[in-house]
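Novice: Just so you know, the protein sequences line up as chains G and H, in that order. Per my numbering, the very first residue in the first sequence carries number 50; after that it's consecutive. Per my numbering, the very first residue in the second sequence carries number 50; after that it's consecutive.
Hints may contain errors.
Going by beta-carbon spacing under 7 Å, a handful of chain H positions derived as facing chain G [claimed, not checked]:
1) Gln57
2) Ala61
3) Ala72
4) Arg89
5) Gly117
6) Gly300
7) Ile310
8) Leu313
It is worth saying that the hints were derived from the structure and are not from the lab. No experiment lies behind these values; they were computed from the predicted model shown. The beta carbon of each residue, even a glycine, is placed where N, CA and C say it ideally should be.
Given next are the chains, with one letter for each unit.
Protein chains: 2
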Amino acid sequence: MIVGDMYQKREAGRKKVLAAIAAHGGTTLLSTGITGDDARMALAAVEAGARLIEPNHPALALARGYKGVTNMHAAENLRHEIKMEQMAEVVNGIRNVVGPDIYITVGVPGTFAEVVPTYLSDSDMAMLARAGADGLHTHKSTIEDLKAVIELGHKNGLLIDAYIASPRDRHLFGIPADKPSDVAEIAKQMQDVGTDFIGLMTGMSYEGVAAGEIAPEVRKRLDALLGAVTVPTIAEGGINTDNFKAFIGTGVNIIVVGTAIDDLAKAGVRQAVTTLLNQ
Amino acid sequence: MIVGDMYQKREAGRKKVLAAIAAHGGTTLLSTGITGDDARMALAAVEAGARLIEPNHPALALARGYKGVTNMHAAENLRHEIKMEQMAEVVNGIRNVVGPDIYITVGVPGTFAEVVPTYLSDSDMAMLARAGADGLHTHKSTIEDLKAVIELGHKNGLLIDAYIASPRDRHLFGIPADKPSDVAEIAKQMQDVGTDFIGLMTGMSYEGVAAGEIAPEVRKRLDALLGAVTVPTIAEGGINTDNFKAFIGTGVNIIVVGTAIDDLAKAGVRQAVTTLLNQ
Numbered sequence: 050m051i052v053g054d055m056y057q058k059r060e061a062g063r064k065k066v067l068a069a070i071a072a073h074g075g076t077t078l079l080s081t082g083i084t085g086d087d088a089r090m091a092l093a094a095v096e097a098g099a100r101l102i103e104p105n106h107p108a109l110a111l112a113r114g115y116k117g118v119t120n121m122h123a124a125e126n127l128r129h130e131i132k133m134e135q136m137a138e139v140v141n142g143i144r145n146v147v148g149p150d151i152y153i154t155v156g157v158p159g160t161f162a163e164v165v166p167t168y169l170s171d172s173d174m175a176m177l178a179r180a181g182a183d184g185l186h187t188h189k190s191t192i193e194d195l196k197a198v199i200e201l202g203h204k205n206g207l208l209i210d211a212y213i214a215s216p217r218d219r220h221l222f223g224i225p226a227d228k229p230s231d232v233a234e235i236a237k238q239m240q241d242v243g244t245d246f247i248g249l250m251t252g253m254s255y256e257g258v259a260a261g262e263i264a265p266e267v268r269k270r271l272d273a274l275l276g277a278v279t280v281p282t283i284a285e286g287g288i289n290t291d292n293f294k295a296f297i298g299t300g301v302n303i304i305v306v307g308t309a310i311d312d313l314a315k316a317g318v319r320q321a322v323t324t325l326l327n328q
Numbered sequence: 050m051i052v053g054d055m056y057q058k059r060e061a062g063r064k065k066v067l068a069a070i071a072a073h074g075g076t077t078l079l080s081t082g083i084t085g086d087d088a089r090m091a092l093a094a095v096e097a098g099a100r101l102i103e104p105n106h107p108a109l110a111l112a113r114g115y116k117g118v119t120n121m122h123a124a125e126n127l128r129h130e131i132k133m134e135q136m137a138e139v140v141n142g143i144r145n146v147v148g149p150d151i152y153i154t155v156g157v158p159g160t161f162a163e164v165v166p167t168y169l170s171d172s173d174m175a176m177l178a179r180a181g182a183d184g185l186h187t188h189k190s191t192i193e194d195l196k197a198v199i200e201l202g203h204k205n206g207l208l209i210d211a212y213i214a215s216p217r218d219r220h221l222f223g224i225p226a227d228k229p230s231d232v233a234e235i236a237k238q239m240q241d242v243g244t245d246f247i248g249l250m251t252g253m254s255y256e257g258v259a260a261g262e263i264a265p266e267v268r269k270r271l272d273a274l275l276g277a278v279t280v281p282t283i284a285e286g287g288i289n290t291d292n293f294k295a296f297i298g299t300g301v302n303i304i305v306v307g308t309a310i311d312d313l314a315k316a317g318v319r320q321a322v323t324t325l326l327n328q
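Next up, chain G with everything else stripped away, as it sits in the complex (with noise of 0.2 Å):
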């Protein structure tokens, strides 16, 4: 086993994503939906201030239009049928367009919690690596699980971060807690087990947030998380251009915006059409 080769590079990817914080005031971005795996948004991502790039396994069934999908809950109910091989080469590419200094983390078929049983083995981590990945985008649903994850992922040189999930989520993005102090107590337990990054599903299947709002009760179970680990934090889920600061304003150190992103890229295209057809 090589272990010093492989510390050195998971202290190379640490620096990466804290130099990011500190450059973006103490809250910086985790870029994913299309700029996550098409090299020419991914680069128009980087080139605005991006500096956390997250290729993930549902989204690409979206960009493949595999078996037809066309929206993140059906993608979710298929991704792992997408191929490890696919998600490298779609790794690849992306470091090869943003260069060595952008932090990627990647979402694979294992990762999250599947539907059906995933397997990842020592191999697939190795070959993320050596495609350019600097960490693991994980979404297991119990610490066992987490802590297999992170064996596998350290010892190829991987970071590891990993939620925790509104257990009244749709799909089950990370280990479920519901009160705060249940956050927080899972959260100390992701720090043990040694998770880089801890983040919190803040809005998968929460109504309401209104434009620079934050629901109270995510609000609470985001200062748990914050108050009960030392690593840096992360909001997922339900974030956008709308309600970020709200998020920004409660401190944590990463936020993954993924739809909100792609829907003005969409919007991009919208307007390119319909000026085109002269409608």
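Please build the complex by placing chain H on the supplied structure of chain G, with the hints as guidance.
Specialist: Structure of chain H alone, referenced to chain G:
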């Protein structure tokens, strides 16, 4: 050889193109770039009214960050390295999300004037047709080469769009013809060998096209094409949301736009990222 079925397939494809031209007042859009190879953006284009979609191999090289290319000129130099299977997968994914009524024409290694020997086989054509392609987007540089592609394509139910190049273009995107009389002569030859849609390269090397304007020599060459053939006509190259009306004004049936659509998608991404980073 299957003749009747493939004739029916070609006529079904032709009907889609003629219907789009009629629906859009005589001039429709062939939407390419990111709308040709990303299923999310293809759907956005179709939702905005586009009815003709074009995936192609140089754009795919950009999409996938292949060997780190980040601009079309670099992509043109290695486009022949993209695999036929990748192009078929892209066609299939786009077809999955846009449905049966959208016309898909695909550029693949071998349908352009490639910089290394690149051969098209009967089984390649069958694979593309079965993946969901209606046509082949071609840029061969001689009538003989075009004729060979037409035979292969037609045999497999694929219609052919082919182009007249400007001899001064940086990349040779078709059969070169400079003077309007040469354009007319080549266009007739192209129609005689069975080209289904005939286009003129209108912009790659032209400078100084201002909003709403069209360079006088382009206009003369385009008029020569329009007067020479009875099949639907196409203008490609340098057309954007500022100058497109001048092209529509010529009466050409289809305008091809890629880069200008990509640019607006990128602008959407940049706007989202800039906002989210609170810059």
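Novice: Tell me the numbers of any earlier hints that the structure contravenes, in ascending order.
Specialist: 1, 2, 3, 6
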